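Novice: The chain contents come next:
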Amino acid sequence: MRRVVLMVFSMLLSSVLYAQELFTDVTEAAGIAHYFQVFQGTFGGGAAVLDFNHDGHEDVFIAGGSGKNALYKNNRNGTFTNVIEEAGFSDLDTVVTQGAVCADVNKDGYTDIFITTIASVNNDQFTAATNFLFINDGNGKFVNKTKSYGLNEITFSTGAAFGDVNKDGFPDLFVGNYFNKFKGRLDDYNGVLTEGEQAPAADLIYINNNGGSFVESSEVYGMDHTGLGFGGIFTDYDNDGDLDLMVINDFGNRATPNLLYRNEYPEKAFTDVSTAMGFDIAMNAMGVGIGDYNLDGWMDYFITNISSSPFLENQGQGDIPFLEKTKQLGTSHPILYTAQGQGVPAISWGVNFFDYDNDMDLDLHIANGCLNPSILPNPNLLLENINGQFVLGGPSYGLSDPSIGRGSVTFDYDNDGDLDLLVVNQSQYRDPGYVVETQGVRLFRNETAGNNWLKVKLQGQTADKNGIGSRVEVYVNGNKLIREIDGGSSHESQNSTIAHFGLANATKADSLVVRWMGGGVQTLYEPEGNQLITVDQAVITGLDASPSLPSVTLYPNPVNHYLKMSVGGFRLAEEVHLEVYSFQGQLVDQLKVKREDIEDSTILWKAPHSLRPGIYFMKIYIGPEAILRRFIME
Amino acid sequence: MKKSYLLLIGLLMVSGFSFAQHSIARLWNEALLEAIRNDFARPTVHARNLFHTSAAMYDAWAAYDPSVATYFLGKQHGEYLFLFDGIALPEDLLAARQEAISYACYKLLRFRFRNSPGWEETFLYVENLMDSLGYDPGYISEDYKSGKPAALGNYIAASIIEFGLQDGSNEGGSYQNIEYESVNNPLILTNPGSQNIKEPNRWQPLAFETFIDQSGNEVPGGVPSFLGPEWGKVIPFSLKKGDLTVHQRDGMECWVYHDPGDPCYINPESNDLSYDYKWNFSLVVNWSAHLDPTDGVLWDISPGHMGNLDISKFPKTIAGLRDFYNKLEGGDPGLGYAMNPKTNQPYAPQIVPRGDYTRVLAEFWADGPDSETPPGHWFTILNYVNDHPLLEKKFQGEGEILDPLEWDVKSYFVLGGAMHDVAITAWGIKGYYDFIRPISAIRYMADKGQSSDENLPSYHPDGMPLIEGYIELVTDTDPLAGANGENVGKIKVLAWRGHDFIEDTTDMAGVGWILAENWWPYQRPSFVTPPFAGYVSGHSTFSRAAAKVLTLLTGDEYFPGGVGEFVAKKNDFLVFEEGPSMDVVLQWAKYTDASDQCSLSRIWGGIHPPVDDIPGRLIGEKVGEAAFQHARRYFENKVLGVPENTMAEEVSIYPNPAKAGHPLHIKMPANYPQLSISIRAVNGMLVYKENNKNTKDKEIVLDTPPLHPGVYIISIESDLSISAGMLMVE
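Chains as they are written, first to last, in this note's numbering: chain L, 9 to 642; chain X, 154 to 883.
No wet-lab data here; the hints were simulated from the structure. Because the structure is a prediction, the values reported are computed rather than measured. All residues carry an ideal CB built from backbone N, CA and C; glycine is no exception. Incorrect hints may appear among the rest.
[As the list claims (entries may be wrong)] Not close to chain L: a few residues of chain X, all C-beta gaps over 10 Å, as computed: (1) Arg267; (2) Pro678; (3) Met879.
[Said to hold, decoys possible] Below, a sample of chain L positions facing chain X; criterion: calculated Cβ distance under 10 Å: (4) Thr283; (5) Tyr345; (6) Ala347; (7) Ser404; (8) Ser574.
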């Protein structure tokens, strides 16, 4: 039956406002005007977040492909200025750049930039080129030190990542390569050749030699694959305290599938565990997102693809294969719908786990973009984590830009405590022969408000300066939230190196734990929310000496062997009674303490050895009323 | 804002629709129907939306009436417990109910339709409706204990949203399939034939366009996948475990309620056993030859000559279908009514070209894009009946006249429950049998050739049955032979000629001879055949169930005044071609006349053979009846808890209120092994749990723990089902 009545409502009253979008496109207002200029139709590009001038306001480098690159300096007022000209990047003028990753490679306190390239171009002629390392001189200028750092190998490179593989405190570098070498035109290229110059390339691992140079060490580490690489990530998938390497490959069904190398630190060796861990998926892998979506303390991974993208759920314990759960979790979207409801095949590139609404769980952003030049709208997706399932937010969320998306990064550019998004969009390579609206790079400001948050910036001393690869853990309301400081992920990109946590309605966390890559654990108890905490590896932080009163303070939380309760603010009953319950509500232990036996207003409870790791509740009958608190057993 | 409010009221009056005439439930039902029209055409999803929204309205109404049972609030459905402590009765009952209903619908609709292609229109619509009702959409508290009806509405919506993310619909995953994969490659609609369909008994996806992949290959793009093959697992309204068969197919567990058994198949072993398959699908071709108003065939389509079928005489076997449908001339055995029983006058004849009647039917009941889908269509029919001046709003036609809000809330709740159960039933069957659609089956048979005569060219046992004048072989003198005779030996059919013969909507394709490999259903080119298997017909099942509900609800088989009608205007009503050639008034005496006619429309529309139809009608009758009786138990406050199975309805507990520490008796309809019994406080805390209890003499006796006086929720679980109910402790 056809439309009847009541259209009058929507026709007449267009003046009524509906609830504000969750994200606002502020690109133009923020002074960003940039396209990734695609070279001959394919490849690139990415962006990297850094604070190059140390002013506490994060800046962003955005690759320009065959056009100009951009270094957007944050003006601390919500706008950016492109300083690429004065910052000294003119050596990039004749090359086709792809992506970028940043780290303080010489540990001088200033973050440096590594830029991948696929070629240098003269008169549309294509010659393979080196990648570039620009060292930050601390005065707003960058100096091309590619050659002196030993990075001047000629490669067709895509994504790269920094990570301290040997835990010596200096960031090492993985570089993903696509073609062995390439000649001809990229827009003539069809399919996969396995021989010759268009054959899949070997990837590279550069070990940082005390900040002065890099030494290519793939042979030492036993990394000898080739593949049509889109880079990879360093991550501690098995929670053994060192950085493992995930390599992602395009056309895995015709060349090499994805690879997972387990780091055998302290040995200088990788073991290929791709098959054993169920990681060897043959797909068109484009990018990776890292995040513990189910709060089980183990990192999970989302790998972007053409059509449906796999979601690898970590099964814990380090040696149980990942489970591919994209359909169960709601992250499989092989067909995207345009604003008009037209279904188009999805091609996904950038991906970011982030807690956009500060409700403690990690949501997912996927940057989509069609191939060039047959341009179809490919809207980006925001998937909201609701009880462990990813529910597609609608176009009303404001993130459904259908342009030719590639890399994407999260950072809090306006320092308001929620994570904003920047998506790199390609230019149209050729007129597709029909009208299609696409836009350049987009900056989306996060407009959510209400929940509490905590940001943690690491300042390494013996470890990497920005703490790349280190784990930051926040315990709050019985949940354990974990982050790894990003050294390069998404598609040819790098997110902010400041860890961000949503605390929902908790005004403070129970504790903050930093597990430094390269040794050492620091714990800070009861950090207040809604602030940026800088954790300096040189400064010992410890217990908060004065718990707020009157409240029961439980520490340490997470619990290893014992738990202390500070009950100073209370009028105690004759006998204080404790009950410990499992998450399922089963009573697992109890304790009775006479008032006169309590010393320093502190009750000590020793955890029975039989308690398994997990979430527990402690019910404390201090006076007439009982107080219930959650804690975590490690 | 004030100004636009007045303007709005003014316009609504002009359009014949005003707040004064309609209940708040009606306003929100119209909002929902509009939201559905702005969304993708998904009958399963919208049956569920209609039910959940109707139940939200019902609960926002029933929460304020202690003499009826709420549906969600305080009840457990599946594993989800809707915590509810009750609410104090307000002074202005009607105002409270209107407010609670509005907030519940507003929040639920915004969530459920946030990904619609027309989300902006929908959001604007509900925003404006709230505004015109004087409610602040920015009020988000869910603390219903505050006594504010808006908070109750928000709480109801929030709970249903959470419930909906784990009810088996995979709403969280955008309702996509988790296990189902089609066994056949897509049929690319721009190309002829069935394109080497592998399994001619199984469903084939349709590709509307192609695109060039990264390697330069032409691949099907935007192929809609099967909508809802796993829908049988969704938590239903009144369907019972006793109606359920769990099948395995292709490694997938299929939940099938009211399993009708196999349809008819192409059988490679035996040409005879393939007879019914060929009869059914060639009938669809034959009926598509009726879609031309210029062929000189005139029908009297008034209730005086059509309808009045007796369901007890419906065929019960596949072979029996051959006597029910007139294969070459179209129509069913219905002879109509001598008299309109309400007026005691005969129904006036209405003579129209068959080609107009059939095309109007196909369009009226298409319920595809921009429509409210079949379950929503029956809500518009319910609203039409509710608006009828001759309708007396008495429940089952008896007792007092209900006020408009109570009537609307209850009628939506019943119809919503029935439509939701139909979707679960019909799509469970569709997912399991995965049966082919006419466009694929007809083209498959045509690709094979003819199966009538081994001595004629193009013989193949799976080919089309030849019928002179209707289905023939192309000979070398045939105009369809092609410039080089490339079509000689192919199958040609007399049929509606398809979209190639329509340049703009003032053209009419007409009926003529076409190659069977190019046969198209009479549907929009953007929605050639709905993206799911045919068996059983959703339309037949939805419509029959809805007709049953309307019959029971009003206590009358007949439309008010003995006739319901719809006018299709000359050269205006048809969407993709010119027509009808004159005004056509669709008329129905009984509700079931409308539903029977809807069923036939799908055959003329080219998307269902008879074998999809009749089982759907028979199942719809049962589901409609059960849903109605189930809903009535809520109105009569006779519900213990979840209707998951027969158990729930017949479990009784005594004494209730119970005395703490004293034995509690639970009486069951039968003996059950290994039951687990749990008692929870209303805040969800488990206070009692006992596993592996066995009934003895259909009864369990529990020693209750020393519970504090108050309200508890008791759940009784077997490996198949859960029932839950309230337990008072004194």
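Novice: Confirm or reject each hint.
Specialist: Hints versus structure:
Distance check on Arg267(X): its Cβ comes as close as 3 Å (rounded) to a Cβ of chain L, failing to clear the 10 Å threshold; non-interface status is violated. The beta carbon of Pro678(X) sits about 14 Å from the closest Cβ of chain L, which is more than 10 Å, so the claim that it is off the interface holds. No Cβ of chain L approaches the Cβ of Met879(X) within 10 Å, the least distance being about 22 Å, so the stated non-interface status holds. Taking 10 Å as the C-beta cut-off, the interface hint given for Thr283(L) is violated, the closest approach to chain X being about 23 Å.
Hint on Tyr345(L) holds. Least Cβ distance to chain X is approximately 6 Å, under the 10 Å limit. Evaluation of the Ala347(L) hint against chain X yields a held restraint, the C-beta minimum of about 7 Å falling below 10 Å. Annotation: Ser404(L) was flagged as interfacial toward chain X, and the flag holds, the nearest CB pair being 6 Å apart, inside 10 Å. Residue-level restraint check for Ser574(L) is violated (minimum Cβ-Cβ distance to chain X is 28 Å; threshold 10 Å).
Consistency with the previously given hints fails for numbers 1, 4, 8, ordered from lowest to highest.
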